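Participant: Chain residues, written in single-letter form:
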Amino acid sequence: MRVPVHDKKCGMLNFVAARCARGQNRHMIHYDKVTKIYNGGQHAVEDITLKVDAGEFVSIVGHSGAGKTTLLKMLFAEVMPTLGSVYFDSRSIGELSNSELLSVRRDIGTIFQDFRLLPTKTIYENIAFALEVAGKSDEDIKADVPHVLELVGLADKMWSFPRELSGGEQQRVAIARAIVNQPAVLIADEPTGNLDPINTHDVVEILKKINNLGTTVLLATHNRSIVDSVGKRVVTMDQGRLIRDDKMGKYVL
Amino acid sequence: MSLWINTKRVARYGLIGFIRNGFVSLAAVSIMTLTLSVLSGLMIFSAALDETLVQLTQKVDVNVYFKTDAADAQISDVKKMLEALPEVASVSFISRDDALAQFRERHKNDQLTIQALEELKDNPLGATLAVRAKNTSQYEAIAKFLDTQQSSRTSAGSAIDKVNFYQNKTAIDRLTNIIDTSKRLGTIVTVIMGLASVLIAFNTIRLAIYTSRDEIGVMNVVGAGRWYVRGPFMVAGVLYGVVSGLIVLLLLYPITLYVSAPLQRFLGTFNAFSYYASSFPQIFFVIMASGIALGALSSYLAVRRYLHN
Chain C
139 MRVPVHDKKC GMLNFVAARC ARGQNRHMIH YDKVTKIYNG GQHAVEDITL KVDAGEFVSI
199 VGHSGAGKTT LLKMLFAEVM PTLGSVYFDS RSIGELSNSE LLSVRRDIGT IFQDFRLLPT
259 KTIYENIAFA LEVAGKSDED IKADVPHVLE LVGLADKMWS FPRELSGGEQ QRVAIARAIV
319 NQPAVLIADE PTGNLDPINT HDVVEILKKI NNLGTTVLLA THNRSIVDSV GKRVVTMDQG
379 RLIRDDKMGK YVL
Chain F
5 MSLWINTKRV ARYGLIGFIR NGFVSLAAVS IMTLTLSVLS GLMIFSAALD ETLVQLTQKV
65 DVNVYFKTDA ADAQISDVKK MLEALPEVAS VSFISRDDAL AQFRERHKND QLTIQALEEL
125 KDNPLGATLA VRAKNTSQYE AIAKFLDTQQ SSRTSAGSAI DKVNFYQNKT AIDRLTNIID
185 TSKRLGTIVT VIMGLASVLI AFNTIRLAIY TSRDEIGVMN VVGAGRWYVR GPFMVAGVLY
245 GVVSGLIVLL LLYPITLYVS APLQRFLGTF NAFSYYASSF PQIFFVIMAS GIALGALSSY
305 LAVRRYLHN
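Those protein sequences? They're chains C and F, same order as listed. Using the numbering used here, the final residue of the first sequence is 391, and nothing's skipped along the way. Using the numbering used here, the final residue of the second sequence is 313, and nothing's skipped along the way.
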């Protein structure tokens, strides 16, 4: 398996990552005074500035409706900010052309609470789809899919359909799909919301492993035990505002 | 190369989707089969109407009766003048002897009339020109032309005894009306039925794709391009069209065979089965092309609703 490594030196440890990013004089993700107002006039996200360096593991915590999901969706342009801009690799997401946006999306892996697998495709096809979209050759796909499924421990379920898998297994497939293209960033939006404690633990361990291999991880959750067990940077949101940003944080609310 | 790979993948996923979503495909194919049946029915209907109308039109003509002493030169002058008119389709000449033979044939069971004919020394019947117009509405113009020839007493015109247009006028007018109305009605019925069935098929396919709207959203987020998302749905749409087209073409064989006899009793010479057999390439093309276009276009429009960027 060609592991998803982007910048090994920068990804190994937090303080190294921070120094690396300073050396490059830029941040991988930069929310610049971002506000999102939905049609109803409700402020989902208000004046948030947040910088994330390559290789970081950032937990975004807060109650339901605090704006975590909106914040994450703005990174892959499913939601556009009302004010301010979002930069990914120093490029403003709002100014990208259609094809540039697609390539950014392929560079961002996403995991959701409801898994979002393709129900009419087998596990193999679900993961192959992400590779096909990225224009990989059939040979590469044949080689990469079994490897990534092994990584999440589901090599034996390759030819099953998503409905035949448990919730925990489906989420692991979603993770496999998210990382198979070796994305620079992995976004996990409440990935454990539908899972029991054991599966939750597994998913978090996989996320930590992916982060250790160099991928930046943004994890949105309201699960206290997850955040405390990760023990890395914690960003706390409340009613659309960023109220805390701790380097080695705990869940405080 | 990448285009070829993408095309191959899109085609494969289209086929897989068609097979795996069996019930959705079945629903779409059945509705599309109905639509294409209506379409083929309309084709046969309009062919039947056309042929029947042509036959009715051919039953109508205007006869120019010449005096018994008309010279051959005068008659052929009139014939030439008529043939020169743009409205005239054909002019056929019936000589005095032919007219007499036809008369005898028609009245061979009527002893009294035949006896009366025998009493006469000479043939009482004049030569006749039967004029057929290209269009039933043009008989009036032809009759007027003959009138002026007759009244202006040219040498040819003076040989004309009478023109039977005015005896037939009401019948011809009514027929012209019927033909015009049925053509217009046929067009309206075809358009309305065609539109209705196209809309139903379109909505069925849209409903089929509605069940996949979440899937389309996921494909978007994973970073699939528009054509990569809509391609498989369009391939499935084309397959709906091809399968239902083949079903309709196959069903038409027994159906036309079965209805052609009762239909012929009603419409005269039109034979539905021989129309199906002789125009098969045309019917095949129209049905298949409509099915494929309808399937692909419906899928295209339906997916567009759920593609957000």
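Derived from the structure by calculation, the hints contain no laboratory data. Please note that the accuracy of each hint is not assured.
[Stated by the list, open to error] Quick look at which bits of chain C chain F covers, simulated, 3 or more residues with Cβ under 8 Å: (1) 245–257; (2) 328–334.
[As the list claims (entries may be wrong)] Residues from chain F shown here face chain C by an in silico Cβ test under 10 Å; the list is partial: (3) 55; (4) 56; (5) 226.
Computed from a predicted structure; not experimentally measured. Each residue gets a CB set at the ideal place from its N, CA and C atoms; glycine is no exception.
Participant: When the hints from earlier in the document are held up against this structure, which numbers fail?
Facilitator: When the structure is compared with the hints, numbers 2, 3, 4 turn out to be violated.
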